[in-house]
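> What follows is the residue order along each chain.
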Amino acid sequence: MDILNALVAVLNYVVIPASSYGAQLALGALGVTLIYGILRFSNFAHGDTMAFGTAFTILFTWAFQAMGLSLGPLPTALIALPFGIAVTAGLVLLTDRMVYSYYRRVRAAPVILVMVSVGVMFVMNGLTRFIIGVDEIQFADGARFVISAREFRAATGLAEPLSLRSSQVITLVAAALVVWALFWFLNRTRTGKSMRAFSDNEDLALLSGINPNRVVAVTWVIAAALATTAGVLYGLDKSFKAFNYFQLLLPIFASAIVGGLGNPLGAIAGGFIIAFSEVGVTYAWKKVLGYLAPAGLEPEGLMQLLSTEYKFAVSFAILIIVLLFKPTGLFKGKAV
Amino acid sequence: MSIRQPDAASGGRFRTPLLFAAMAALIGLEALTGGWNTALGILNMGLISAILALGVNIQWGYAGLFNVGIVGFVALGGLAPVLVSMPPTPGAFAGGGPGLLLAIGIATATVLAAIWANTRLAGTARLLAIPLILILGFFLYRAVFDPAVAVIEAINPSAQGNLGGLGLPVLLAWPVGALFAAGAAWVIGKTALGLRSDYLAIATLGIGEIIVAALKNEEWLARGVLNVNGIPRPWPVPYEIDLQGDPAFVERMASLGTDPVTGSTVLVKLLYTGLFVVVLLALIWASQMALKSPWGRMMRAIRDNETAAAAMGKNVTRRHLQIFILGSAVCGLAGAMMITLDGQMTPGSYNPLRYTFLIWVMVIVGGSGNNWGSVLGGLLIWYLWVKAEAWGPALMTLVTANMEAGALKSHLLDSAAHMRLLTMGVILLLVLRFSPRGLLPEK
Chain A
1 MDILNALVAV
11 LNYVVIPASS
21 YGAQLALGAL
31 GVTLIYGILR
41 FSNFAHGDTM
51 AFGTAFTILF
61 TWAFQAMGLS
71 LGPLPTALIA
81 LPFGIAVTAG
91 LVLLTDRMVY
101 SYYRRVRAAP
111 VILVMVSVGV
121 MFVMNGLTRF
131 IIGVDEIQFA
141 DGARFVISAR
151 EFRAATGLAE
161 PLSLRSSQVI
171 TLVAAALVVW
181 ALFWFLNRTR
191 TGKSMRAFSD
201 NEDLALLSGI
211 NPNRVVAVTW
221 VIAAALATTA
231 GVLYGLDKSF
241 KAFNYFQLLL
251 PIFASAIVGG
261 LGNPLGAIAG
271 GFIIAFSEVG
281 VTYAWKKVLG
291 YLAPAGLEPE
301 GLMQLLSTEY
311 KFAVSFAILI
321 IVLLFKPTGL
331 FKGKAV
Chain B
337 MSIRQPDAAS
347 GGRFRTPLLF
357 AAMAALIGLE
367 ALTGGWNTAL
377 GILNMGLISA
387 ILALGVNIQW
397 GYAGLFNVGI
407 VGFVALGGLA
417 PVLVSMPPTP
427 GAFAGGGPGL
437 LLAIGIATAT
447 VLAAIWANTR
457 LAGTARLLAI
467 PLILILGFFL
477 YRAVFDPAVA
487 VIEAINPSAQ
497 GNLGGLGLPV
507 LLAWPVGALF
517 AAGAAWVIGK
527 TALGLRSDYL
537 AIATLGIGEI
547 IVAALKNEEW
557 LARGVLNVNG
567 IPRPWPVPYE
577 IDLQGDPAFV
587 ERMASLGTDP
597 VTGSTVLVKL
607 LYTGLFVVVL
617 LALIWASQMA
627 LKSPWGRMMR
637 AIRDNETAAA
647 AMGKNVTRRH
657 LQIFILGSAV
667 CGLAGAMMIT
677 LDGQMTPGSY
687 NPLRYTFLIW
697 VMVIVGGSGN
707 NWGSVLGGLL
717 IWYLWVKAEA
727 WGPALMTLVT
737 ANMEAGALKS
747 HLLDSAAHMR
757 LLTMGVILLL
767 VLRFSPRGLL
777 PEK
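Residue numbers (my numbering), protein chains in the order written: chain A, 1 to 336; chain B, 337 to 779.
Hints in this document: simulated from the structure, not taken from any laboratory. Watch out, some of these pointers could steer you wrong.
Sample of chain B residues at the chain A side, in silico, Cβ under 8 Å [as the list claims (entries may be wrong)]:
| id | residue |
| --- | --- |
| 1 | Phe402 |
| 2 | Val404 |
| 3 | Pro434 |
| 4 | Leu531 |
| 5 | Tyr535 |
| 6 | Gly542 |
| 7 | Glu545 |
| 8 | Leu765 |
| 9 | Leu768 |
| 10 | Arg769 |
| 11 | Ser771 |
Coverage of chain B stretches by chain A, computed from C-beta distances (three or more under 8 Å per stretch; other residues unrestricted) [claimed, not checked]:
| id | stretch |
| --- | --- |
| 12 | 546-558 |
| 13 | 688-701 |
| 14 | 750-760 |
Glycine included, C-beta positions come from ideal geometry on N, C-alpha and C.
Can you build the whole structure from these sequences, using the hints too?
As structure tokens, this is what we get:
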């Protein structure tokens, strides 16, 4: 029995990676859920909006690096992020103007809007590939670790290493700040309140003089900011590859639906539920169980429930279970 | 549920034949400039795309169901030729078969037990029993499944290492592929239909990715990314080598003035074309008859006004499930046909952009709700997709001809290959916006 080492192993391989991944998913799911709440369709282009925003942030990062700009231990991408958000917001506003606004005017069925968003996804995907290519890109600079495995082992004398990468800390801090700002905006400002009113009851909101075009535009800008932030944090944590961002769409949708589509609080909870299940189910628990089991009873296999290639199956399974038993999500979203 | 617009379909009743004649002319032009071999190659894949588009049109055009996981159903259909027509791996079934069957039995029993617990128990007992049953079942399943897989994958891993097939004719695999896809569609439809329309799209997106991931990783099934080569050819199609070795064939080619190598490849492709055309025509006939029948009228009534149809006593969710399964089965059939044409199964090549979204462009451009439209869209978009591969770089070379050599020029030249996706997206958006009824509108 070696509880301390087991605890460190769980922290190192499950809790820390899943928390940062969960924060990234939560930010992505917040964007999806906001679009759903205000515009009332599932935006399939969200993954590629993330990719597009990240691609531009990378371009700005390279420019700043060439200019010699740096944040010291923090990655340069953080200075580039606002510029990336600005470009992405411009693109989604343009998309809304040129594509979505027509379907709102003719009051098209939601499924038509979903299909249109698939078309937008196609275009954004092509744009991203055109701008930055399909290769994997590492753009994190600055300090790599807050706690490195070697230092931790030297300091504590434990057999298990614990490493905390700076990208993980940045993700959690940035996500917390963004979520705080978003909720402050939605609950305290006039525009935010009008957005919530519009989401709850469109007709009543229109009747009370809320300008729908303004609400929609603000929603798109916020969604672009959330998507770009989520994308950049994911890219800093792992790496940037356009196709991976498309694949993130499934866990992001699962997070939004598990929490209840249209419910921001639910999106955050959903993001962490999905992330912890994905990491927990695909982690090989052999080591942890080896520490906990009494001598002689250590497990022989890897004790891995599913291989990592099937991590998307986990979000899918959770999605199916929620759809079967609680289609409105755990936090009561608006969709049935 | 397409948006109705008073869209003038010019050309009247000659529109369909005229557009098909134009399509034939494009293929003919390709044959004259690039040879019959390339032209028939494009045509054969175009016919398969047309069948895929037909399957998607059954779902979208008849019922307004949005399937974003076509790639999964195509891949699942492609599994059938491997399992049906490849020779069995010696010792694989004897070694791992009982374990696999037992594991499948355990999985089924677990799911049934969970369903039973869900319907019979209540309150805390239900909350405790269902996860307990599922977790126990899962571990039991893995305990039986893993050793069986290890036995199979250990057999001659460099060439086989999989279950192998039944050694039956590959034509039998086509309906089996349809059945596979139908089974997956049943599971998805049962869960996601009857809820908001977006949910079906999201659920199909998920199942599509998971099926492809499973085919890539389950090596005991179809060798995963190691690929399965040498899938036997269907009944009337001979091998080029045999033809070239046949004196009668060589003589006939000589009398026609062609060399036997070109002659044999063209003949093989022509025979495939014939097979595919037969399947396509049969499917079109069946779907046209279905659309004209009372059942078809009911489907369109449901699509155009679900509430009214439900008020008339139609079970909308059941009908949706039916049509979702039918459409997916057609996609599975096309998947099996495609693997037969290629002669190999390469799970790594199932890309959602190519097998889901391109098919959607075909359906929308061709005309949703119109079977002939889907066929035309399938042929035309596939033709453009293949040609754009050459046109893109050529166009980019032209555009950048006057630019100085440098990073920007080489970047533009490199990225020309990605222009196809962008173009397809723009085409989809333009057609949806300005001509939502497509080239051949529904009558």
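> All the hints need checking, so say for each whether the structure fits it.
Structure-based check of each hint:
no., hint, result
1, Phe402, "holds, 5 Å"
2, Val404, "holds, 7 Å"
3, Pro434, "violated, 21 Å"
4, Leu531, "holds, 5 Å"
5, Tyr535, "holds, 6 Å"
6, Gly542, "holds, 4 Å"
7, Glu545, "holds, 5 Å"
8, Leu765, "holds, 4 Å"
9, Leu768, "holds, 6 Å"
10, Arg769, "holds, 6 Å"
11, Ser771, "violated, 13 Å"
12, 546-558, "holds (count 5)"
13, 688-701, "holds (count 5)"
14, 750-760, "holds (count 9)"
Violated hints, listed in ascending order, are 3, 11; each of the other numbered hints is respected by the structure.
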